[in-house]
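One line per chain: the protein sequences are A and B, in this order.
For the first sequence, the working numbering begins at 4 and goes up steadily by one.
For the second sequence, the working numbering begins at 4 and goes up steadily by one.
Derived by calculation from the structure, the hints in this document are not laboratory data.
Check each hint, because a few of them may be wrong.
One copy or two, either will do: identical chains are not told apart, so a pair holds if it fits within one copy or between any two.
[What the hints assert, rightly or not] Straight-line C-alpha distance at most 20 Å; calculated SDA-like pairs for lysine to any residue:
id: 1; residue 1: LYS272; residue 2: GLY175
id: 2; residue 1: LYS272; residue 2: LEU166
id: 3; residue 1: LYS277; residue 2: LEU166
id: 4; residue 1: LYS206; residue 2: ARG177
id: 5; residue 1: LYS277; residue 2: GLU194
Number of protein chains: 2
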Amino acid sequence: MTIIITVDIGGTQMRAAAFQRGSIEPVDMRRTPTMGEGSAFERLCVLVQSIWPEHRSVEKIVVALPGPLNPETGVIYSAPNIPGWDNFPIGTELEKRFGVPVRIGNDANLAALGEWRFGAGQGHHHLLYLTISTGIGGGVISDGRLLLGAQGLAGEVGHITVLPDGPMCGCGQRGHLEALASGPAIVRYVEEQIAAGTPSLLKELGKITARDVSEAAGQGDELSIHALSRAGAFIGDALASLVHLFNPTAVIFGGGVSFSGDFLLKHVKESLNKNLMDQSYLRDLTIAQAALGDNAGLMGALALGLLPDN
Amino acid sequence: MTIIITVDIGGTQMRAAAFQRGSIEPVDMRRTPTMGEGSAFERLCVLVQSIWPEHRSVEKIVVALPGPLNPETGVIYSAPNIPGWDNFPIGTELEKRFGVPVRIGNDANLAALGEWRFGAGQGHHHLLYLTISTGIGGGVISDGRLLLGAQGLAGEVGHITVLPDGPMCGCGQRGHLEALASGPAIVRYVEEQIAAGTPSLLKELGKITARDVSEAAGQGDELSIHALSRAGAFIGDALASLVHLFNPTAVIFGGGVSFSGDFLLKHVKESLNKNLMDQSYLRDLTIAQAALGDNAGLMGALALGLLPDN
Numbered sequence: 004m005t006i007i008i009t010v011d012i013g014g015t016q017m018r019a020a021a022f023q024r025g026s027i028e029p030v031d032m033r034r035t036p037t038m039g040e041g042s043a044f045e046r047l048c049v050l051v052q053s054i055w056p057e058h059r060s061v062e063k064i065v066v067a068l069p070g071p072l073n074p075e076t077g078v079i080y081s082a083p084n085i086p087g088w089d090n091f092p093i094g095t096e097l098e099k100r101f102g103v104p105v106r107i108g109n110d111a112n113l114a115a116l117g118e119w120r121f122g123a124g125q126g127h128h129h130l131l132y133l134t135i136s137t138g139i140g141g142g143v144i145s146d147g148r149l150l151l152g153a154q155g156l157a158g159e160v161g162h163i164t165v166l167p168d169g170p171m172c173g174c175g176q177r178g179h180l181e182a183l184a185s186g187p188a189i190v191r192y193v194e195e196q197i198a199a200g201t202p203s204l205l206k207e208l209g210k211i212t213a214r215d216v217s218e219a220a221g222q223g224d225e226l227s228i229h230a231l232s233r234a235g236a237f238i239g240d241a242l243a244s245l246v247h248l249f250n251p252t253a254v255i256f257g258g259g260v261s262f263s264g265d266f267l268l269k270h271v272k273e274s275l276n277k278n279l280m281d282q283s284y285l286r287d288l289t290i291a292q293a294a295l296g297d298n299a300g301l302m303g304a305l306a307l308g309l310l311p312d313n
Numbered sequence: 004m005t006i007i008i009t010v011d012i013g014g015t016q017m018r019a020a021a022f023q024r025g026s027i028e029p030v031d032m033r034r035t036p037t038m039g040e041g042s043a044f045e046r047l048c049v050l051v052q053s054i055w056p057e058h059r060s061v062e063k064i065v066v067a068l069p070g071p072l073n074p075e076t077g078v079i080y081s082a083p084n085i086p087g088w089d090n091f092p093i094g095t096e097l098e099k100r101f102g103v104p105v106r107i108g109n110d111a112n113l114a115a116l117g118e119w120r121f122g123a124g125q126g127h128h129h130l131l132y133l134t135i136s137t138g139i140g141g142g143v144i145s146d147g148r149l150l151l152g153a154q155g156l157a158g159e160v161g162h163i164t165v166l167p168d169g170p171m172c173g174c175g176q177r178g179h180l181e182a183l184a185s186g187p188a189i190v191r192y193v194e195e196q197i198a199a200g201t202p203s204l205l206k207e208l209g210k211i212t213a214r215d216v217s218e219a220a221g222q223g224d225e226l227s228i229h230a231l232s233r234a235g236a237f238i239g240d241a242l243a244s245l246v247h248l249f250n251p252t253a254v255i256f257g258g259g260v261s262f263s264g265d266f267l268l269k270h271v272k273e274s275l276n277k278n279l280m281d282q283s284y285l286r287d288l289t290i291a292q293a294a295l296g297d298n299a300g301l302m303g304a305l306a307l308g309l310l311p312d313n
């Protein structure tokens, strides 16, 4: 059996897995050191070389990348934290180096594909995936197909406007979901409220993280509980719009923030219900946590690799 | 050549056209009187009977319907203004009556399909269609396929939340695009402003329509100009979210309100630009007026009829 090599490129680390066609258990997994020598592309090549099987042929390489890209042309438009990867034809460069076909995909899009094929979304033909962590990303499966859009830029669920003229988003515009409900947005809100005099268990902490907020909520901290419910309500507002647009049967939440459990999700659901034009949208709608965890990118890349090439 | 009969069911009238496969010029067109005798279904049957060709065989009937429906099962969930059409299996009933296959579609979805196949969206594989009139509806073509969602309820572009806790929408929820930028929403805003003392040419008019607002804007009426620019800005806010989700190459505007021209569209574009996370989305993006006018429903039904049955 031939091998599919998948790579997940994160902000600080790259991970690779080798899969035998027909199995979802990797035959090998490798990772780069968190701080490597050389350019990002060289480190990627060393990683792929290290996992290249000795006695098996490699069918293709599939790479999950952070940032907007064009899956048709194999060009990544920009990668946060990776110098030199603006409009970088990573697909062609890897093909030149390794002599096998290369496919690339946005990591959140691929995580959607992974959850659909192997995770919490199995059996659903219409699925939304949202990952809520440092940013908010996602992917949409409609009628069994990943929506990519004309240039591969579709599915940017974090950049729906939920509060016109609201806080500044990482993308430079205002009021997007990511600016209101991502981990950093939740932390910023908590810090603002503490600065304004709201009491909180987190007051004496130096640098607050989204995980701190989640833990403080678990200890009954009212500000933290409120901050998570507020973020959940914004996510629910956006989710109602998404449900009106895509009429899915599954909504899957990934990313660290979504593990705040009902401090967040209960308010997501309340706000979804409050905004829906018709309760029919809730018929057969499952809302679930992602199942693949840190492996979502690698498994999503495998799912892409298993799709027939056009 | 066989005949495809298409029907467009509006609030006050039903229209039918008979097309020969291979031609987009109807061989016959008929309409019901605006106020007919008998039940809506009986009037529909009389209309179809009246256009049934004498010496040709009918291949299928395709019906464009106002309201949410399931194109798979042929059931319309509810039709505003048509008593008795809640959860009505119109597809099956018509098949029983006429003995040929029947397909049904939401009229705004079908208008999207019609503009894509025959109108302003030809050649685009990723297209958004928005119709702005009494309500706001639309349809999405992604990678050459109409998005329907699990129950046929996708593409409800008028029910994106653009102003949380904003004015009440016709659907019973708050702050949806339709509640802020449809014809009645524009009129309501103008009436509120006049009641609050804002001067306007429209002040002496009894009942104001969206067309009056558009005409008054053309005559320099500042309140009307402002009301249209305000609606345009909300449409642009929503459009930015849609563009982030679907990454289309064409956005087509239909419906009477969109004929307010730049009083509206200029502000749509400004607000779109203001909200976009990346200017890449504007590359190759065409924004255009719909081309099919009143025939959008009939032509969209033809487009659906010409699609291969699954």
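Checked hints:
For the homomeric pair LYS272 and GLY175, the shortest alpha-carbon distance between copies (18 Å) is at most 20 Å, but the shortest distance inside one copy (29 Å) is not. Within a single copy, LYS272 and LEU166 get their C-alpha atoms as close as 18 Å, and across copies as close as 19 Å, so both meet the 20 Å cut-off. With identical chains, the CA atoms of LYS277 and LEU166 are at most 20 Å apart both within one copy (16 Å) and between copies (14 Å). Within a single copy, LYS206 and ARG177 get their C-alpha atoms no closer than 28 Å, and across copies no closer than 36 Å, so neither meets the 20 Å cut-off.
Taking CA atoms no more than 20 Å apart as the test, LYS277 paired with GLU194 passes in neither setting, with 28 Å inside one copy and 28 Å between copies.
Of the numbered hints listed earlier, those contradicted by the structure are 4 and 5.
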